[in-house]
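Undergrad: Protein chains in written order, with the numbering used here: chain A, 845 to 1352; chain B, 845 to 1352.
No lab work stands behind these hints: they were computed from the structure.
Where hints are given, some of them may not hold.
No distinction is drawn between identical chains; accordingly, a pair holds when it is met within one copy or between any pair of copies.
[Unchecked claim] The calculated lysine-lysine pairs, modelled on DSSO-like cross-linking and capped at a C-alpha distance of 30 Å, are:
{"no.": "1", "residue 1": "K1140", "residue 2": "K889"}
{"no.": "2", "residue 1": "K1311", "residue 2": "K1254"}
{"no.": "3", "residue 1": "K901", "residue 2": "K1140"}
{"no.": "4", "residue 1": "K889", "residue 2": "K1311"}
Number of protein chains: 2
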Amino acid sequence: MPKVATQMPLSVVALDRRAETPLFRQIYDSLRTAILQQRLAPGFKLPSSRELAVELKVSRNTVTAAFDQLAAEGYLVSRTGAGTFVSDAVPDEFQQPPKSARPPSAAPDETDRELSRRGKIISRTAAIFEYGSRVVRPFNPCLPNIQEFPYRIWARLAARRLNRPNRSLQGYGDPAGYEPLRREIAVYLGAARAVRCEPRQIIIVSGAQQALDLALRLLTDPGDAVWIEEPGNFGTRAAVTAAGARIVPVPVDEEGLDVEAGAALDARARLVCVTPSHQYPLGVTMALKRRIELLKWANRTGSWILEDDYDSEYRYGSRPVASLQGLDARGGRVIYIGTFSKVLSPALRLGYLVVPPPLIDSFTTAKAILDRHSPIFEQMILADFFAEGHFARHIRRMRELYAERRELLKAAVRAAFGETVEIMPSEAGLHLTILLGDKSDDLAIARRAAELGINLEPLSALYTEEKNKKNGLVLGFASFSETEIREGAEKLAAVCREIQSSGVSARP
Amino acid sequence: MPKVATQMPLSVVALDRRAETPLFRQIYDSLRTAILQQRLAPGFKLPSSRELAVELKVSRNTVTAAFDQLAAEGYLVSRTGAGTFVSDAVPDEFQQPPKSARPPSAAPDETDRELSRRGKIISRTAAIFEYGSRVVRPFNPCLPNIQEFPYRIWARLAARRLNRPNRSLQGYGDPAGYEPLRREIAVYLGAARAVRCEPRQIIIVSGAQQALDLALRLLTDPGDAVWIEEPGNFGTRAAVTAAGARIVPVPVDEEGLDVEAGAALDARARLVCVTPSHQYPLGVTMALKRRIELLKWANRTGSWILEDDYDSEYRYGSRPVASLQGLDARGGRVIYIGTFSKVLSPALRLGYLVVPPPLIDSFTTAKAILDRHSPIFEQMILADFFAEGHFARHIRRMRELYAERRELLKAAVRAAFGETVEIMPSEAGLHLTILLGDKSDDLAIARRAAELGINLEPLSALYTEEKNKKNGLVLGFASFSETEIREGAEKLAAVCREIQSSGVSARP
């Protein structure tokens, strides 16, 4: 070890006696940085702890604590009778400061080179999420009424659970979820959605997005064909893309997913993502004939059906339509996905899968590998919320409110737009879709509206293929007041006129 | 449509007037089932609603409601002047009841055929999780002290948030997490772990398991080589396996991961999973020399390092060792993983990643695709828990308690086993690892101990390669009382003697 004779510059250790960081830690930090930056070279002999303590006007213990820590981490070595030295285990090359003071640049190309192929595909789905659903303002189409989240009841249930805690639930939980909640969901689904299931078939997940990701990872390989609805929702397309599957966009007409068209496009697709109760975004309900066609096709080809029943709780005209899962008498081809994001709040991050019995173990294992399990506390409160009847009451109350707001939005759109637009017929859910003419440019409208504080999903962005695209506006109504709805519709109509007259509408 | 002349058997509709299900729903259910089971064939003419109402002794509206619903779903069709008929859109073939009354059998082979190749790999990692960490009893090695979870404080913080709710937080949140929590974590990590980061580099996830899954999906492709520690923890091996990566088990010695050995096994591995602060399960701290070797290698080869700092908050002898991330002066090769499972509770499902700036966008997108974001409510409470100083206090209090229990476990093991076993030196964390002789069989011991109410991880199960396996017991102490620890150690010693003398120990 080369001896370096120079004395340690006092400036190496800068102490701030008013700082919260303990003095020993400040000494440790200063010395460590100096060593890493080679201001103190390997082999440099440090002053003794006594000398340094006098110099820095601190107790000797403070210096010793810092030295001990640095020695424990290998920065310093003590040799009996000789003193304390900077270790030469810190190689020269490594001690160079980073080339630039700034963190490495985030140039997208450079980042891309660092991601795996799979990582690049996942990373690029960011574009799919472009029209963020996060801002709470008219007409965000993805929200329930967040003003009406039942805080009072929730607070009471939370307090009860926290004041009389069951400590055995603070360990790792069942990956499939909190058992009492699974029982409540199974009963609810049987009664309200005609889903045939036992509690053991329910897998609690963190919302529909995780349900999709989980199912796609278990049931598809990269390159497998997957039918998605054309148009369909962002999240599904992103999940299918991220899973490395090959997207087969299957047209949706007034009877829902066109199964025959799908079979013509790719008869051997491994999996189908579908929203039969209330198609997103068009709002149609899948006809019984089509449902049976789809089930027959899936049973014949051995394909899987992911039934995303995201907002079926809210049906205004007729009563809820029974699930596709319940119709699958042969059994075992449908995986049903439900979420509490549209009934209670997306902030909860709770949803569920209903899986055929042969898949229970695989889904449970996969959930454990993804994130062990969903948080227990929220599951407990939600189970209590069900058990005490709040869930059913909340849905009933919201259904009335939403029916009213839906009519308000319809009327506001008619008043603001006149007969120039078509409101897609829809009997359910939390949004309405408005068709614009071919000469409109819904992307430009969405961008301009966002500047004016109006949030919406441009219909054309929900298509996969250019040739299928239709212009339209997907508008949510659940969370907004009468005034917000009326004024929003007026602003939106003005934006449409502005874009139309400026001729921005030319779609390539 | 063929007319079927037979009259509807009354038994088709069975009403239970005491049931909670409304009568119209009971009628709907009965008819729907009868149609699906072909007891009412396509084209069958139903009695009029008036006739059926008289027959069933219900109001006519009740029958009409059921008929309307069935018509809306396509089971019935009405023809003006002719009456109501079972639709022939329900094809014969489909109406067959399932072949067996039981759900499809869950024979593993059959299930396997239905999963994708990727799904099969994921599903089979179940075996890795065999020694479940879920039961809360001595000596579960994966738990903090769940008796000491700060319920009182948590309840107060929760009540405050729920009683004065910020409703704008009930929508979808930032996929990267709740900003105030990210700020708190960044400050904590800088001070306590010498991690260099800004809040924007923190991505909140649902625990270390999701952090691993996320990083592996973004940074590796199927078939890529990934170094894992040999021995190492179950969750890491499962995540790497599920990502389709090729596992390269790199030996751990008293200085931590043997970087040279790793480079000899696979010099171009794409990613390394490592626990430098407190190796799981052996308990060693990675030496500075090795840390620098690893960083140099990663900077040279462009490999990624996943630093899993799962329980570094608890260090008993020396002070906390600085993170590998903070040592990476060149910057950008280390992704740091932290979790609140060991500080507070696994039931919370909260953890975080610290990612280099160029990867922030990709990780944020990937988190959005995995599950949108982690639950907001728990993130808010945790942010308050930090802001009010409870976090630091809780760690200090637990550190004292754990230091005590650690000594209790050491003493209990010595008393029960004498000098026949070696306790691995370890200065940190929530577990101790005991080495048994080569002639022991830790798997048999773990199985027998489980029957007697003792939970542990057999060391040999934590190795990937047969030839590297050592026998030992990984024992947690955090959650168990003095009596539980003493009696547990005695039982365990008895089990070891029993297994040894029965000669079950022969490992092939």
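Undergrad: All the hints need checking, so say for each whether the structure fits it.
TA: Against the structure, the hints come out as follows:
When the C-alpha separation of K1140 and K889 is checked against a cutoff of 30 Å, the pair qualifies only between copies, where the shortest distance is 26 Å, while the shortest distance within a copy is 81 Å. Taking the shortest alpha-carbon separations for K1311 and K1254, only the intra-copy value of 29 Å comes in at or below 30 Å, while the best inter-copy value is 71 Å. In this homomeric assembly, K901 and K1140 never come within 30 Å of each other (Cα to Cα): the closest approach is 84 Å inside a single copy and 38 Å across copies. Within a single copy, K889 and K1311 get their C-alpha atoms no closer than 74 Å, and across copies no closer than 45 Å, so neither meets the 30 Å cut-off.
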